[in-house]
Amino acid sequence: MTPNFEIFIENNKDIQAVISFGSSGNIRSDKYSDVDLVLFTSSPSKYINENDSQWTADLGNVLSRVVFRDLVNYVEVNKLVMETGPALDLLIIDIAVFTKMVEYRQTGDTLNLPAQLLKLTDTYTYRIHYQLKRGYKMVFDASDVQRTIDLMFKYEGGNEDRNLILNENTFESQYNRFWQTCYKVNTWLICDETQYAMITLDNILKRNLILVLQWQTLLEKNDKSYDVFYDGAKLKEWCDPAIVKDLFNIFSYNSKQEIRKAVLHTMRLYINFSHRVAASKGYTINQPLEKEVLHAFSQEQFLGTNTTLNKVVGHLNSIAGDRNDIHAILFTTHELCYKDSLTLEIDCFLITSEPDQYAEKDIWYKYFDHIFCLSRSGDGFGAIIHLLFKDGFCLNVTLIDSLDVEKCNTYFHRAFYQALHKGYKLIYAKQGVSERIQSILHDYTGQSGIVDEKNFYANYNRFWQTTNKMAAKMVRKDFYYTILEMDNLMKSQVVRMLEWYTAIHDHSADIYPNAKKMHLWCDPVLYQELSHSFPHSGMNEMLQSIILTMNLYRKISSDVAAASDFSLNDKLEQKIYDTVMEISCAFSGVS
529 MTPNFEIFIE
539 NNKDIQAVIS
549 FGSSGNIRSD
559 KYSDVDLVLF
569 TSSPSKYINE
579 NDSQWTADLG
589 NVLSRVVFRD
599 LVNYVEVNKL
609 VMETGPALDL
619 LIIDIAVFTK
629 MVEYRQTGDT
639 LNLPAQLLKL
649 TDTYTYRIHY
659 QLKRGYKMVF
669 DASDVQRTID
679 LMFKYEGGNE
689 DRNLILNENT
699 FESQYNRFWQ
709 TCYKVNTWLI
719 CDETQYAMIT
729 LDNILKRNLI
739 LVLQWQTLLE
749 KNDKSYDVFY
759 DGAKLKEWCD
769 PAIVKDLFNI
779 FSYNSKQEIR
789 KAVLHTMRLY
799 INFSHRVAAS
809 KGYTINQPLE
819 KEVLHAFSQE
829 QFLGTNTTLN
839 KVVGHLNSIA
849 GDRNDIHAIL
859 FTTHELCYKD
869 SLTLEIDCFL
879 ITSEPDQYAE
889 KDIWYKYFDH
899 IFCLSRSGDG
909 FGAIIHLLFK
919 DGFCLNVTLI
929 DSLDVEKCNT
939 YFHRAFYQAL
949 HKGYKLIYAK
959 QGVSERIQSI
969 LHDYTGQSGI
979 VDEKNFYANY
989 NRFWQTTNKM
999 AAKMVRKDFY
1009 YTILEMDNLM
1019 KSQVVRMLEW
1029 YTAIHDHSAD
1039 IYPNAKKMHL
1049 WCDPVLYQEL
1059 SHSFPHSGMN
1069 EMLQSIILTM
1079 NLYRKISSDV
1089 AAASDFSLND
1099 KLEQKIYDTV
1109 MEISCAFSGV
1119 S
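Using the working numbering, read the sequence shown as starting at 529 and increasing by one per residue.
Heads up, a few of these hints could be off.
[As the list claims (entries may be wrong)] List time: in silico DSS-like cross-link candidates among lysine-lysine, alpha-carbon distance up to 30 Å: (1) Lys819 <-> Lys950; (2) Lys773 <-> Lys819; (3) Lys773 <-> Lys809; (4) Lys1005 <-> Lys749.
Just so you know, these hints were derived from the structure itself, not from any lab. Bear in mind the structure is a predicted one, so any value in this text is a computation, not a measurement.
All chains, full assembly: derive it from the sequences and hints.
As C-alpha cells, then:
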C-alpha cells in the first residue's frame, strides 16, 4: 500500500477495512497494472457521489474519475487515473450491509425476508466473493472484517460460477441466439449496415463463442475447480493453444468480405465446440437451422420471402386479445432492417403486468406457427425474446413491466424515450396507456441529440480510461477479452461522440443510435476512419487499431468540446497516448 493510501485511510475514519485483489496482488503484475482495492466503509454515499471528489485529494492528483454503478449486481466502483502511479479501481462496500448479508447467509434466516431483500442477500455476497475468490490480501482491518470475509467464503465457496451454469434450456437459448445473430449479421451486411453489424451483432457472436468454449473446456477437464475466468480473459492460461491460435482468425476486418470470412470462421468454430458440448450432455442440435443460416450467409442472401409486417401484427394482436395482463404492444418504426421494400427485422415492446409469463417459449409457439428458433437475452428494460422465423423474419420482443411505465422511474423513462422518440406504431393499448407513453416522450422531447456537460465528460473519461486498460491487457496478450469488452466499449464511446459531432455540424441529419444507418448520417471521411480502426488478426494490428481509434476520438471530441465550450484534459490524453505508443513500440514485430 502506497504512502498516499495510508494518509487517505488516516484522514477518512469511515474506512473500516481495505482489501487488495486482482493483478495488484499478483506477482505477475507490471507497471501498467491497475491497483484493485475493496473499501469497506460506513459512509458509502461519500464515494459514489459523482459531484464530490474532495475525498480523492489524499490519493494524489487524479486526472480522471469515473463512478460505475451496476444496480443489478449491486456493484459500485470508483475508477481513477492518477497523474503519477498506477490507476486505481476502488470497489465501495457498505460494511453494515455486507455484515448483515453474510449474517443472513450464516443463520439461514432468509425465509421471512421480502423478495427484493432476499435477492439482494443472494446477489450481494455472491458478487463480492466472485471478486475475491482468485486471491486477495487484507491490507487494513480496523473492525475484524476478516472474520466476516472468512464466513462469506465458507458459505459461498464451491458454488458454481453463475455465468457458466450449463443446462439444456441455457444451452438451447444460447445456441439459438448465436445462429439468430449470424443471420442478422448477414441481413445487416446486405443492407450496408457494416458498423452496426460489427459493433453490436458481432460482439454477441464472440460472447456466445467464448461461452461455449468455456463449457467445452470444463466438460473435458471434468474438474469443477478449473478456472476458465470470464469473457475470454487469460485465454492462454486455460485454453488449448491450437484453439487460441485459431481464434485470431475471427477478428479480420479489413473489408466487408473479410468480415464475412471472419464470421464464417466463427460459425465453424461454434459448430465444433457446441456439437462437442451437446454430445457430452445429450442435448439436441438444430442442424436444419445451422445448414440454412450457413447457406444464406455464404450466398449473401435471405432465408426466403419474408413475412409481411401485417401478418406479424396480426399474431401480436391475437396475443393481446386473449390476455388481460397486456397493457400495450408497440414497435419502433425507425430502426427497421429492410431491403428492397422487404422488412427483415423489427423491435417490439410488450408492456404487461406479468412479464415473466412471456419469458417462456410455449406462449410464442402457441401464437406463431413458423418459428425457426427462439432465444432470450436482457437489457436495461428487462427480458428480450428473439424470434427467427423460417422465412427469415426476425422479431425482438422486449418485455416491460407495466409498473415501470406507470411510476416515475427516470432511468427507465429516459431509455424509453431514446427507444421510441424517432417513431413507433401502437398495435394495441388499454385505455390511458397511449396517453402515458405520449407523456413520457413529451417530458424528454428534444434531448436526444443534445450533448450536455455531464454526458460529455462521462463519455470522455470512460473512453480514455478504457483505452488505458486495453493497452495494459495487450501487454499480457489478453487479446480476446481486450476486443470483446474494451474495444467494443471504446467503439461505442466513439459512435456516441460521432452522434454529437454530427448533430452540431448537420442539424438536418437523421441520426440513429447504436451505429445503425451510420453510412447515411455520418461524415463519410470519419466513417471511413472508424471502419479502418477495427482489430485484425495479429497483436501489432490490434495495437494499431487502438492508435487509430484514439486519433479519431481526439479529433471529434476536441471539435465537440470547442463547439460546446467544454474543456479537455490534455494531461490525461497525453499520459494515455504515451502509454499506448510505448507499448506499441515494445511489441513491434510481435504477431
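Hints versus structure:
1. Of the supplied pair hints, the one linking Lys819 and Lys950 is violated, its CA atoms being roughly 37 Å apart against a limit of 30 Å.
2. Taking the CA atoms of Lys773 and Lys819, the gap is near 26 Å; set against the 30 Å cutoff, the hint holds.
3. Taken as a hint, the Lys773 and Lys809 pair is honoured in the structure, with Cα atoms around 27 Å apart against an allowance of 30 Å.
4. At most 30 Å may separate the alpha-carbon atoms for a hinted pair to count; Lys1005 and Lys749 meet this at roughly 24 Å.
The structure is inconsistent with hint 1 alone, although it conforms to all the rest.
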